[in-house]
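Undergrad: Protein chains in written order, with our numbering: chain A, 584 to 962; chain B, 584 to 962; chain C, 584 to 962; chain D, 584 to 962.
It is possible that part of the hints are untrue.
Since the list gives no way to pick out one identical chain from another, each pair is judged satisfied if it fits inside one copy or across any two copies.
[Said to hold, decoys possible] Computed list of lysine to aspartate or glutamate pairs in EDC-like fashion (alpha-carbon distance at most 20 Å, straight line): (1) Lys867 <-> Glu911; (2) Lys671 <-> Glu649; (3) Lys759 <-> Glu783; (4) Lys658 <-> Asp695; (5) Lys915 <-> Glu778; (6) Lys658 <-> Asp753; (7) Lys604 <-> Glu649; (8) Lys604 <-> Glu647; (9) Lys915 <-> Asp680.
Calculated directly from the structure, the hints in this document are not laboratory data.
There are 4 protein chains.
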Amino acid sequence: MAGSSYGTIFRINTWGESHGKGIGVVVDGCPAGLPLNEEDIQRYLDRRKPGQSKFTTARREGDEVEILSGVFEGKTTGTPIALEVRNKDQRSKDYGDIMDIYRPGHADYTFDQKYGFRDYRGGGRSSGRETIGRVAGGAIAAKLLKSLGVRVYAYTLSVGPIAVSPDRMDMEERDKNRLYMPDAQAALEAEAYLEKLMAEKDSSGGVVECVIEGMPAGVGEPVFEKLDANLAKAVLSIGAVKGFEIGSGFRAASMRGSENNDAFCLEEETPDGGLAFHSRTVKKTNHSGGTLGGMSDGSPIVFRAAFKPTASIARPQQTVDRFGKEREIAVKGRHDPIIVPRAVVVVEAMAALTAADMLLLSMTSRLDRIQAFFGGGME
Amino acid sequence: MAGSSYGTIFRINTWGESHGKGIGVVVDGCPAGLPLNEEDIQRYLDRRKPGQSKFTTARREGDEVEILSGVFEGKTTGTPIALEVRNKDQRSKDYGDIMDIYRPGHADYTFDQKYGFRDYRGGGRSSGRETIGRVAGGAIAAKLLKSLGVRVYAYTLSVGPIAVSPDRMDMEERDKNRLYMPDAQAALEAEAYLEKLMAEKDSSGGVVECVIEGMPAGVGEPVFEKLDANLAKAVLSIGAVKGFEIGSGFRAASMRGSENNDAFCLEEETPDGGLAFHSRTVKKTNHSGGTLGGMSDGSPIVFRAAFKPTASIARPQQTVDRFGKEREIAVKGRHDPIIVPRAVVVVEAMAALTAADMLLLSMTSRLDRIQAFFGGGME
Amino acid sequence: MAGSSYGTIFRINTWGESHGKGIGVVVDGCPAGLPLNEEDIQRYLDRRKPGQSKFTTARREGDEVEILSGVFEGKTTGTPIALEVRNKDQRSKDYGDIMDIYRPGHADYTFDQKYGFRDYRGGGRSSGRETIGRVAGGAIAAKLLKSLGVRVYAYTLSVGPIAVSPDRMDMEERDKNRLYMPDAQAALEAEAYLEKLMAEKDSSGGVVECVIEGMPAGVGEPVFEKLDANLAKAVLSIGAVKGFEIGSGFRAASMRGSENNDAFCLEEETPDGGLAFHSRTVKKTNHSGGTLGGMSDGSPIVFRAAFKPTASIARPQQTVDRFGKEREIAVKGRHDPIIVPRAVVVVEAMAALTAADMLLLSMTSRLDRIQAFFGGGME
Amino acid sequence: MAGSSYGTIFRINTWGESHGKGIGVVVDGCPAGLPLNEEDIQRYLDRRKPGQSKFTTARREGDEVEILSGVFEGKTTGTPIALEVRNKDQRSKDYGDIMDIYRPGHADYTFDQKYGFRDYRGGGRSSGRETIGRVAGGAIAAKLLKSLGVRVYAYTLSVGPIAVSPDRMDMEERDKNRLYMPDAQAALEAEAYLEKLMAEKDSSGGVVECVIEGMPAGVGEPVFEKLDANLAKAVLSIGAVKGFEIGSGFRAASMRGSENNDAFCLEEETPDGGLAFHSRTVKKTNHSGGTLGGMSDGSPIVFRAAFKPTASIARPQQTVDRFGKEREIAVKGRHDPIIVPRAVVVVEAMAALTAADMLLLSMTSRLDRIQAFFGGGME
């Protein structure tokens, strides 16, 4: 089936394999009139670039994005925006055992079962490079959201057992260390942990936390198209994610109602607004993580994604090949001992795409606002 | 937007409010020829019925389902199956403060923000009764899956801090206690815990675990339509769910690659199969939870849903009313101290709906199988 | 597949068979705040009712619609609106040959090929009664459109070879004759023609014309989601429709550019408007039928649907049964000699559903209007 | 909204403007294992190329397609196939009045109304070059269909008042004349007619007819997703199309039931088949055009598209500019006096895309066939 598109009215369709001719995305449904240039997108792509630290693969990718359509005189036209990154390195090389052997923790086996064969070069479509299209599309969604007063940001919350301390959390710090952790001390400890793992030919998992600020209340739909349900899908669609939680998340399962409920109170000032009126009602706490009944409640939306450890490790592992023989494999080449730092921007991108789509979809929920929009008469 | 439908080719569209005339669902896209009667569906609905124990609300609902279309001579016809449960009790009564006050932890406020007003009777569309449509639709999906060799079941994994012990887990036990826990001892402890909470006018969260067995490998799509991503959305679309994890889940974030990777090995016997060939390749462990790269890997699919504590508690809570005044509320009436036992069948239903849709969608991934299906010639 | 829903954000999902328990529709995505009661819908249903003249079947159906959800205190709540018509007459009776024989011009054969069997009672899902759900949903779409200044109406343009004369066209006349023709003289001639056909145990086709007035310019999307493309699908989805044309239609194929192009000019006055500004630019003629490049151009949208003759005729016809034997059939019972008069409201309904969905979808095409809607900040 | 994608499980997403950097399409959902190379696609693109006769624009485009993803070792992998044609000529030039003036019969005005501004270079997204993506995607759909025994072809049926004669129709002739007419004599007359129009600075409309052969019975869905309804949308989504009809089409409206109904009879031989059994039941005539009740009936599917005359004509026309002033325009440059010959392959492409998607979707209609596919057990 057609499984490479995401979104309903603001939609992306990604394409491309790791070692094919290129990677790209078509962004369809972006409103007309948004100022946009390649630098807006390149900034996001550079954040997922490897070779930025010793914990990310050394190969210099230098992915450069090109806008092929949908922008005219510096602004989006409302028609599809095609973005493309040509792969620099497509030299045919010896893929050796990878061609035939199913790497544990990878999608080699499931691809073969689904499609009968696979593009084995660098993981093909299941490579981390697949996320280039998401990040490029997400950059546009983020810019659209910003123009509407909504901001999305994410960071590394934990690396293996090393977590950011709530007391030391400092968002300024995030971009200063190579692990995207908003806590200098935790970052140092995490680096030491990762060096130890690398020496042991092993890898680590971690958690990314993401915040969406400025979302007006009432975005998301009450039943299946809940805002949090769509965020969960968005996040689990990222390779290597094994869990999603919002607000108090799994901790809520062992809490009491009296602890977990957020009391409502009033803000001093009524915020300014357009047709979508902004309320003075706010919550004293945010265990809900910014949604109630699947709709944004006006508080920041806060969710977390659990990433498994990098599957490619240099230790020998037991496996099977596509001819039905048992084999041993030790994955060669340089691999990140953790994918979380490079995944932070991917989580941001998926959150922005989801938030932008649902914000636009929320415009049709009330007849009075629609009548004001169209200047329609009364019944 | 139209947010009350779920699925692509096997799709449900639910409708109904807690105290309206009824609740229902249209199941569209069910293949023709499946034997189906009302008892098949009623069995599932009875599992979410309240009044089955002292931990579920005493009100006898006695929801009786009626099949209105799509079944002829005992079999599905391939056309939409309309299912309906008429609400027994629609007497107008005094809703008192509920009309105007925003209950903490409920969707009252967000509904008002989104739509300008709401059906306040019993929570309206945000009531737990909304799940009747899901469960009725899920019963059909489960029966379809069973006819294809796939089985879905769920159970209560924990109640507040009391968890099922892996050593004592016994699925036979599940239906013997009122909490749907597959561990008699944990169930006893959990009952004691809940009684204490009720005495304190408080409530508890908990975790549901769900298993899908018999799914052939290769179901799910590699990028956005990953099987696990769709399960995450399905589960988060259930009211009160705050988290989803598959396989090792959040624990994977603190694990090492060498621990978390599942080695592949060979089974003794090749399973029988249709056009979708079943492989001898199996995994030694199941940290993946049954998916690799978003596609089923042939192992059981195992995931968990974290439920927050029941929001309705009898303790006084601080809040705001729709006129912008601060108020205090103590939610009256009987309310379950935990929703997990009744939610088990809802998780099962959403899993079955997702699995059925994605299984059908997987039929078009390989040309050779499509050619065999249609008896088409060669190029 | 799930083929019984129509629309993207304003969507209907119909269900029901001719002789099952009932027929219905779920309307999902209707904005909150639209005044709505059963009479609004019944008025539309009564227009497709048989037994209104000697040219429509005598059986009194008396379809009464019930609103089961989505309306509270006289207004839509934004949640799904379930509408239901219970079938009055479900007595089991002798269906005789119809069970086994494929009626020429009907879907009996294709249903059996697709599904392996079919509900043969009264045509099952392929009966004209299937349109009840469309008309009920269309009544709501039409009311929504009216509240936004858009009006949809249709009429019989021709009955067999007898066409309405443009010189005599008078919309007041439409509801005065039993054929819904806006031309008293043509109606008389058409009645005589139909009486002759009935005497000859034969039937007639005809054309319905439909007009959408008040649509602001710019509704519809430039490529696949053209307004006219969606209208074409909507109209061809009605049973017995064999053709669709907009504006000059098939006549355009033999015209010259200099004849068919519509010149632009200026209106005297700028119309009032909301955020969606209304322009002074108008067309001198309307060969385009109200769309240019798939988007509404501000002129009335005018299209036509060609209906084939009623397939059920009392004359003997050659056919085959489901056991693979050649047979002869003369369809018994009373059947309309033409379906066009009762189809007029079905065309209106499908047009209203399409127009409402695309009007709502058009709200997200321009960033400046979205910013005004949300009161968003500037970049 | 996202309006540049078409299809449900076999889906294309097109992008690109006439004078932007390029034009392209992402084909998502093509089954794995289809042999495919650039020549397969180029052959289709060459058929829509201008400069092939004096009736198509002289400018040599030389569009060369590049496959960027989704094909490995000569076969489709099941992942998205990105196809791209770089625009050769993007020199900035003087667009003169076109920038500001609304050309009659074009989408200039509606684009400005919808989006606030437009890429005016060569018509931007509303240019005929937009169809490159459709044709490239359609080439793949056609190859997929061919591998399943289904064939799609189209031809020019009429040019202005000059129509192909049924008696002289000879498909061999189609590719021998520059108008794609399967009738040498009609082609000569049509050429003379067009030369006269060109001398008069005018243009002509015409009709394209398309045939789909080999479709098994039962493809298409009974209600909204009728095969003919989707073909109608597909065809009306092509710029300049003003009408669609299938089988007897508009002529059916003036026919009698006894003329229009197709009698069923039996074929001598039972055709071979896969799981989708092929029946011996056939029709004596094909007024239905190959569908009954929205599902294929086993006969060839035959439909027609009416194209309006080329809107760009050199004669002076009255219009308005975007500043709200009345103006006169005579469209400069060379323009085809008729677009029909180049549109033939576009109709074929849209038909192939629709047929491929609906054929794949039809695989899930019967449980017995699904059980055979998966080798599933019985209930």
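Undergrad: Given a CA cutoff of 20 Å, do Lys915 and Glu778 count as a within-copy pair, a between-copy pair, both, or neither?
TA: within (18 Å within a copy, 57 Å between copies)
Undergrad: Indicate which option fits the pair Lys867, Glu911 if close means a Cα-Cα distance not exceeding 20 Å: within, between, both or neither.
TA: Classified as between; 14 Å across copies, 56 Å inside a copy.
Undergrad: Using 20 Å as the alpha carbon limit, work out where Lys604 and Glu647 are close: within a copy, between copies, both or neither.
TA: both (13 Å within a copy, 16 Å between copies)
Undergrad: Between copies, within a copy, both or neither: which fits Lys671 and Glu649 at Cα up to 20 Å?
TA: Result: close both inside a copy and across copies, 14 Å intra and 17 Å inter.
Undergrad: Give the relationship of Lys604 and Glu649 under a CA distance limit of 20 Å: within one copy only, between copies only, both, or neither.
TA: The answer is both: 14 Å in one copy and 10 Å across copies each meet 20 Å.
Undergrad: With 20 Å as the alpha-carbon cut-off, assign the pair Lys915 and Asp680 to within, between, both or neither.
TA: within (10 Å within a copy, 62 Å between copies)
Undergrad: Is the C-alpha distance from Lys759 to Glu783 at most 20 Å within one copy, between copies, in both cases, or in neither?
TA: Answer is neither; intra-copy 27 Å and inter-copy 48 Å both fail.
Undergrad: Could you place Lys658 and Asp753 in one of the four classes (within, between, both, neither) given a Cα distance threshold of 20 Å?
TA: Close neither inside one copy (35 Å) nor across copies (48 Å); limit 20 Å.
Undergrad: Between the shortest in-copy and the shortest cross-copy C-alpha distance, which are at most 20 Å for Lys658 and Asp695: within, between, both, or neither?
TA: between (43 Å within a copy, 14 Å between copies)
In this structure, the earlier hints numbered 3, 6 are contradicted, and the remaining ones agree with it.
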